[in-house]
Amino acid sequence: MRSRKTPWLSVALWSLLSFVTLFPIYWMFVISMKAPVELFSTPDILLRSLDWSNYVEVLESPTLRGYMVNSLVISSGNAVLVTALGFLACYALTRYDLPGKESIFFWTITNRMAPPAVFLLPLFLLLTQVYRIGDFSLLDTRIGMILVYCTFNLPFAIWTLRPTLDAIPKELDEAALVDGASAWRVIWDVILPLARPGLAVTLILTWVFAWNEYLLAATLTNFTARTLTTGLSEYVTTTGTAWGIMAAISVFTLIPALIVFSLVQRHIVTGLTFGAVKG
Amino acid sequence: MATVQIRGVTKRYGGVQVMHGVDVDIEDGEFVVLVGPSGYGKSTLLRMIAGLEEVSGGTISIGGRVVNDMLPKERDIAMVFQSYALYPHKTVAQNMGFPLLMQKRPKAEIEEKVRKAAEILDLTKYLDRYPRQLSGGQRQRVAMGRAIVRDPQVFLFDEPLSNLDAKLRVSMRVEIKELHQRLRTTTVYVTHDQIEAMTMAHKIVVMRDGRVEQIGRPLDLYDRPANLFVAGFIGSPAMNFLEGRLATRDGRRVVETADGTALPLEGAAAEDGRRVTYGIRPEHISVGEGGIPVKVSVFEPTGSETLIFGRLGGQLIDALVRDRIEGEPGQTLPFRIDPRRAHLFDTATGVRL
Amino acid sequence: MSEERKPGFLPIETNWFDRLFIAVVLWVALSLFWLRFLEPLGLSVWIAAAISVVLGVWIVRRG
Amino acid sequence: MRLKRTGFGWLLLSPTLLLLGLFGVFPFLYVVWVSFHEWNPFAANPEKVFNWANNYRALVFDRGFLASLGVTLAFVFFAVSSQVILGYLLAQAFMRDFPGKAFFRTIHTLPLIMAPIIVGSVWKLMTTPSIGIIPYLLRNTVGFDLNIGTSALAAFVITVIMDVWHWTPLVTLSLIAALVSLPPDPFEQAQIDGADRWQIFRHITLPMIAPALIATVFIRLMDAMRTVDEVLMLTGGGPGSATRFLGVHIFKEVFPRTNYGYGSAVSVIVLYLTIVVCWLLYVGLIAPRTTRR
Amino acid sequence: MTYLSRAGALALAMGLTGLSSPALADFWSDAGANYQGVVLRGVTESTPPSNYIKDVLAPQFEAATGIKVEIETTSWDQMYDKAIKDMEAGTGIYDMVYIEQDIIYAYLARNFLVDITQALADKPELKAPTFDEGKFTSFANYFKDANGHLFGVPMEAFIKLYLYRKDLFEDPAIQAAFKEKTGRDLKPATTHEEYTAIADFFTEYGKENGLELWGSTAQAHTGHPASWYEFFESVAPTFGVWNWGIDANNNYAATVANGGKMNSDEAKAALKWWLHLRDVGPPESAQSTWTEVATTFAAGRAAQGLVYGENAAWIASDPNQSKVVGKVGFALPPTAPGVMEAAEAGTGYIGYYDGGAFGVPVTSKNREAALLFLQFIGQDEVQADWAVAAPRITNTATYDDPKIAEMDAKLGGYYTMLRDQGRLFAGAPPYPFHAQLRGALEPIFFDILTGKIGPDEGLDAMAAKTEEELTALGYRK
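Residue numbers (the numbering used here), protein chains in the order written: chain A, 1 to 279; chain B, 1001 to 1353; chain C, 2001 to 2063; chain D, 3001 to 3293; chain E, 4001 to 4477.
Everything labelled a hint here was simulated from the structure, so no lab data went into it.
Keep in mind it's a predicted model, so treat the numbers as computed, not measured.
Be careful, since some hints might not be right.
[What the hints assert, rightly or not] With a straight-line Cα cutoff of 25 Å, these simulated SDA-like cross-link-like pairs (lysine to any residue) come out:
| # | chain 1 | residue 1 | chain 2 | residue 2 |
| --- | --- | --- | --- | --- |
| 1 | A | K170 | B | Q1103 |
| 2 | A | K170 | B | R1129 |
| 3 | B | K1090 | A | A84 |
| 4 | B | K1090 | A | Q265 |
| 5 | D | K3101 | A | A200 |
| 6 | D | K3048 | D | V3025 |
| 7 | E | K4207 | A | I45 |
| 8 | A | K170 | B | P1131 |
| 9 | D | K3048 | E | K4477 |
| 10 | D | K3101 | A | S18 |
| 11 | A | K170 | B | L1101 |
| 12 | E | K4068 | A | P62 |
| 13 | D | K3101 | D | P3111 |
| 14 | B | K1295 | B | F1309 |
| 15 | A | K101 | B | E1054 |
| 16 | B | K1177 | B | G1235 |
| 17 | E | K4410 | A | E38 |
| 18 | E | K4268 | D | S3151 |
| 19 | D | K3101 | D | V3180 |
| 20 | A | K170 | B | N1068 |
[Claimed, not checked] These stretches of chain E come out as covered by chain D in the derived footprint (C-beta under 8 Å, 3 or more residues):
| # | region |
| --- | --- |
| 21 | 4212 to 4226 |
| 22 | 4280 to 4288 |
[Claimed, not checked] Some chain A residues well away from chain B (every beta-carbon gap over 12 Å; in silico):
| # | residue |
| --- | --- |
| 23 | A35 |
| 24 | S76 |
| 25 | L88 |
| 26 | L125 |
| 27 | V130 |
| 28 | P256 |
C-beta atoms are modelled at their ideal positions from N, C-alpha and C, and glycine is treated no differently.
Chain A with its partners taken away, still in its complex shape (with noise of 0.2 Å):
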């Protein structure tokens, strides 16, 4: 057996590591609490004194506000959209003998690869002109980012759900239809909530990278649907960089990703299952 000192070493060891994981992000703290005066002389490690100004200006100004409910709406809608569709999605692949699944399932995922300045322009061109009704644009709205996200999370959700539904037995949805149950009830009932650790990771990691995108909400909102990434380049200007301003709002748009992580920690290590398929 081990000698009884060991944990307190790993303990120490992890100390170390979760310092060095956490230095950035507490350096971050430390520049949002620094008046811009102090932020180019020697840099000080350890926080002197608390200045709340730049949480207070930001929390007083409407327009901040506004991004955060944006951001919280489009980055709520997408994850459920991505998640909802992609789940389908992948209960289709892996129960319907679709001819050329793995094609499709291949095909879906390369949205992903593009580099996202690829979509700029033709997403802008096609918001605007081609997908509109009337006067109703989708640009600069919050359903039109809920939707050119789904370029690409919808392929990341495809891809960690799929192992999620692979692994559980088709006899489970044979069983549920012979029951009576309907297609959809058998979706709803049964295997929805067999795979909701999978879900689970999948909603929380998709709002992640919906709430944190900045180069297609930065070019296709414009008024109504900005959001709190958007915000942060405005205080890049050539009078200035208000870095303390940018640190406080990246502070304000981590506390909702910590809490909605925190939240499904303990479905993180079931649930993100990449590719361990079974066989």
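Chain A is fixed; fit chains B, C, D and E onto it per the hints.
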């Protein structure tokens, strides 16, 4: 309860035909066992009856209605899966009540029926447990409970006992049979275990390669297997097959093996010289005076009976006798064959002569 | 469209869509190579296109 | 009317295919179309002019593009391989029990939830020559002058470290998931057979977690190939073109230069390369495992 | 930043006092009556002047006319991208776009902008009595076409100045040390040699005394256009290389061989001079854009430097952001012989007159209402408070406002310098291919900065590349 008619059913996967015109009639209240080695289409047939597989050709009717295009839920059937397919996230009670819930029955009725089924299956204590907290046999009973609560027209069993240990299998076999005797519901039961088939069925359908080899009552199959395959499949230990030619020796028809041994026959409807396979079940061989000398290699005493393995001119032969015979490997014993119980098959076609 | 995976000369199992994809991939690769190394020598890139079409037909039908 | 059984499958897939078609495939086809045009709104002729494969003709000789391709591949290689090795070691470490494990695991996953643009900003501030905390500490402890503004190597290494810091948690998590689900029997058997730790890893662990590992590498590969935000924020692609990864290259080619036609051609080729690499990986390593029966 | 909150507080005050003149109120409310329900949308960079428009002037305008104004503030590169896509696709998202010096000629070349002079002449009822094009400073000329028609209402204007540390320059001990070392008096440089001597001296001085102090700073980011701008718009002109060394009247020649000056000896000298400043400057120079240059100076890390005027103001006056408040001196950049004379004569310039304007895209769906708003922000009446909140001056009258005079004193005479010497500076050369050419040349330029290629060969390559690129773009025949 209902009859099930299967008429000329075929099945193709892509370009491969796996079932070639299967016809089976199942009477109302009958317990029919589909039997055959694994992977020979019997599960497919069962799943077609259930509506889980599409029928490529022919018709399946339940209670006189053609169900080819019906969804499983419209067929009023219940099925027990090999893996039991219990819903892991539902309790025993919820599992058993699920079919009724799907029919939107009132809550009280569901509870009542589940309670009754649980009583029958001795599951009352476990109603609030989850499947993972149950033993194999209990899970199996829950699966059956789920099937019986809804009182379907037809029960379908897909190798329900194959995941159980030998002892449990015997007792569950009895339980299923008792259940059937009580409920009298038309039942189609798939197994690869011929003992299950023999002990449980009213009627056995032996399948191989997507074809029906023979249909009949268990003892009919035992007594008059239609071909080599059925003969070899039904009965345990399996029937001895000895190759030889028909001949007449001392005015009696016999089968002459390659080393010249004459195997007794009683009447044979074929000409001499024809290559045949002579079949005799081990239990129809006794050891005694006047038998054919067989060089014994292994004795397997089980207490109640003894299984003796030997060779007859290079061909394997075994006998099952109720006497306790002890001996040394290598010794020769006289095997007496009851000619009335001998079966004769054409070697080339395998068909019974 | 058939899902049928017949054995062809390619080392992997493919359906017709996969083979079409392979053909397109090869076409692009050959064209880029051609533009870089052969066109400066005076060979038109249409030759690459023609080769690719032939190759593509062969792959799709026989691969 | 009753849908045939596969019909229902298509029904379930259709929203996905529709959305990906509308917001992925269709825009991409537009990019392909544009890539065959000369189009710069601020050229003497601002109109789109069809120019056959001229953009591609220019592309294969474009040293900037080829250099960008080179540094991108190097970046992807170093970043992803470090992530996999580090992620595996961490995942193995998390398989043991020690006090506060859940807490440390949560801490370790934190970088994952940060926005790339924020990661880029924070690292920029941490690495600004002479006043960022990292160069400052390096200079005062080991006397090394880290300047990502002048040293191409330093900038490249910092981008790799940043990416490793940001994305290793994803690898760790997925490998923990894979390790947790492994049955104990083969390991016990291997111990009985006298295998040492390396042999156990090589012959038991690695093959058994291979599917998860490959899938993780796959997703990291795709994402690393398209890195933009962090690097744009951190180095702007510099010094020179040391960190001008393909994503950044396209960004700079298309937007400031409004070089829509040529930028589209670059995009098409980048996507082509990514798809081919991923397809080979998929067909060679992943698909054989998923097609059962 | 603090401008934001200050602007926000002002919004309230201005909202109450903005409509003091009844005559004014009448015109605006009458004119606005025709456009009730209209929402004007503008895009701009989120600088203090723009934020003032968003937070103060837009609400005032809405109160006066009933026309709502939304301003999207975003980053510098995003802003162009978005405006260009909107105008190119004819989407009509924006009614007002921010136009900077470096993009106006591209917009004009594409006829993207509404001719304000013409539009107001065509519709006299839109013309506000308080708006007068003639009141703008000469900076407005950069937003006019050949016929003198105005296409943008200036809202920002700065010159890039030579900032030095008054406290250091006036320290007798340092003066003595400098004298001893160089044999000269320590005073703001007027020639490049002087500047270099001072830079070398202070870098040495900082090292000797263990100070975080360097002799100069440079905007020499190795991956950002800022470095390109500093060289071509601030450094090269002081050596007499104007308009990027491209001769627009000579078929856009850039190489010396074809009559351009991009790889001339002056340009090469300029580049070497500037690279030396980077080398003696603080290490972050290699990662510095305009922002970092200003911050470096504000942190007291540089003794002198060329700094954009928009930042000069806060460096000199905002103690929250700057450690050198009250210690900043302003001077004209050092020049090569003959350059100042050329600038005085109007044939050359000594630095960058930077700034921006608001224009109306022709794709706007609310052109007339947008014109009203542009006139609103162009009036003399709003200028003084605007300039106080965000130091910029676009109207001649603004200089005389007492608030501004007071501020000028605080800024060490920056406004005076802007007024008196502004004419020596110039905006961007009138090229429609500004960003396009810059993007093509940047890789070579960055290679020079990282030392991958020598300055001489680098400039030769850039000049050649310029001609090649301009040929590809179709400008050079």
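(Q) Going through the numbered hints above, which ones does this structure break? Give me the numbers in ascending order. (A) Going through the list in order, the structure violates no hint and respects every one.
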